[in-house]
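Participant: Residue strings, one per chain:
There are 2 protein chains.
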Amino acid sequence: MITRHELQEAQRYTAARLAEVGIVVTADERDAIEVADFGLSRLEETGLQLLVYVNTDRYCAKELVLMPGQTCPEHRHPPFDGTPGKEETFRCRSGLVHLYVEGEPTPAPACEPPPGAYTVRHEIELGPGEQHTIPPGTLHWFQAGSEGAVVTEFSSASRDDLDEFTDERVARETVVG
Amino acid sequence: MITRHELQEAQRYTAARLAEVGIVVTADERDAIEVADFGLSRLEETGLQLLVYVNTDRYCAKELVLMPGQTCPEHRHPPFDGTPGKEETFRCRSGLVHLYVEGEPTPAPACEPPPGAYTVRHEIELGPGEQHTIPPGTLHWFQAGSEGAVVTEFSSASRDDLDEFTDERVARETVVG
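Protein chains in written order, with numbering that gives the first Met the number 0: chain A, 0 to 176; chain B, 0 to 176.
Worth flagging that the hints you see were computed from the coordinates, not collected in a lab. We put the CB at the ideal spot given by N, CA and C, even for glycine. Honestly, I wouldn't trust all of these hints.
Not close to chain A: a few residues of chain B, all C-beta gaps over 12 Å, as computed [unchecked claim]: (1) Val23; (2) Glu28; (3) Glu43; (4) Pro108.
One-sided excerpt, in silico: chain A residues whose CB lies under 10 Å from chain B [said to hold, decoys possible]: (5) Val20; (6) Val23; (7) Pro67; (8) Gln130; (9) Thr151; (10) Ser154.
Please model the entire structure based on the sequences and the hints provided.
Facilitator: As structure tokens, this is what we get:
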């Protein structure tokens, strides 16, 4: 759980980072910025800020904003409604993000995950203008660099409520302002 | 047809407009900017510049860059491969774009289309941070304001080669650098 104050602070932070990279949002969108602490009450360590532009039954687009060193915990997107589940492309807009996916563990990875259940260690580094596509059902987690990060996510239809987290303490707690 | 010189100029223009709004692109992406004159050889009047970020068999994301007053001619996206056809969301990043779709004609619309076959006149004005979603199969065209426009397009899978244009002279001529 996060407090009302934490929510408002995180929304302010997110709006400021988006403005910094030249992304214009409406007043309604600003108020609809989602702040997820994944039920761990350690937002700055494990959390994510999101602005959903559109989410139809066919495609979705969002901005993901991460605080410095903030981690989105390990999860995967399962099949639903006869689809293979969410396929997603992360495109880094600013800052640096390290993405970890299934595959050969990277020796000396750039990030340590926070305490919790993390099992995949194949590292992909994304700087501004770089992107990577994650197939449905693939375990992944990511962590921002020391300046935080803004990442655009293009994907098939998004059903955050179905996400499967490796750490059973984690819940997709989303607080909307 | 456009000349090699026109292509390079249009790519330069597009890269500059993207940079202006803070969008970072890789060198490979810059070289892959598409310039479409729709076979009319009047690029500044009827044309479109595109950067495709990703186009899987489920979703697609592109930046569309328009020169001042430039028009993307009237077309629709037909069904294919058992899908209803492309559904798309236009989100204006900078400048102004007027979108025309099926529906009640707008009295005193902001734009005149260039010479050619244009049949829909229901106007939607999109400034920075505003967006609109077009269902599959809907006729539409759009024109940039006097400063040009940068528009992000989120959509289901894109098959430009299947687009159906109202003007039979129009072909989806895409020139890649």
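Participant: Hints first: check each against the structure and report whether it holds.
Facilitator: Consistency of the hints with the structure:
1. Some Cβ of chain A comes within 12 Å of the Cβ of B/Val23; the nearest lies about 4 Å off, and the non-interface call is violated.
2. Chain A draws B/Glu28 into its interface by the beta-carbon criterion, the shortest separation being 7 Å against a cut-off of 12 Å.
3. At roughly 25 Å, the least C-beta separation between B/Glu43 and chain A is larger than 12 Å, which holds for a residue marked as non-interface.
4. Consistency note on B/Pro108: stated as away from chain A, and its beta-carbon is indeed over 12 Å from all of that chain's, at 23 Å minimum.
5. For A/Val20, the shortest C-beta to C-beta distance to chain B is roughly 5 Å, which falls under 10 Å, so the interface hint holds.
6. The interface hint given for A/Val23 holds, since its Cβ lies 4 Å from the closest Cβ of chain B, which is under the 10 Å cut-off.
7. Contact between A/Pro67 and chain B, as hinted, is not supported at the beta carbon level, the nearest pair being about 19 Å apart and thus beyond 10 Å.
8. Hint status for A/Gln130: holds, given a least beta-carbon distance of 7 Å to chain B, under 10 Å.
9. Taking 10 Å as the C-beta contact cut-off toward chain B, the hint placing A/Thr151 at the interface holds, the least distance being around 8 Å.
10. The closest approach between the C-beta of A/Ser154 and any C-beta of chain B is roughly 6 Å, which is under the 10 Å cut-off, so the hint is satisfied.
Against the hints set out earlier in the document, violations occur for numbers 1, 2 and 7.
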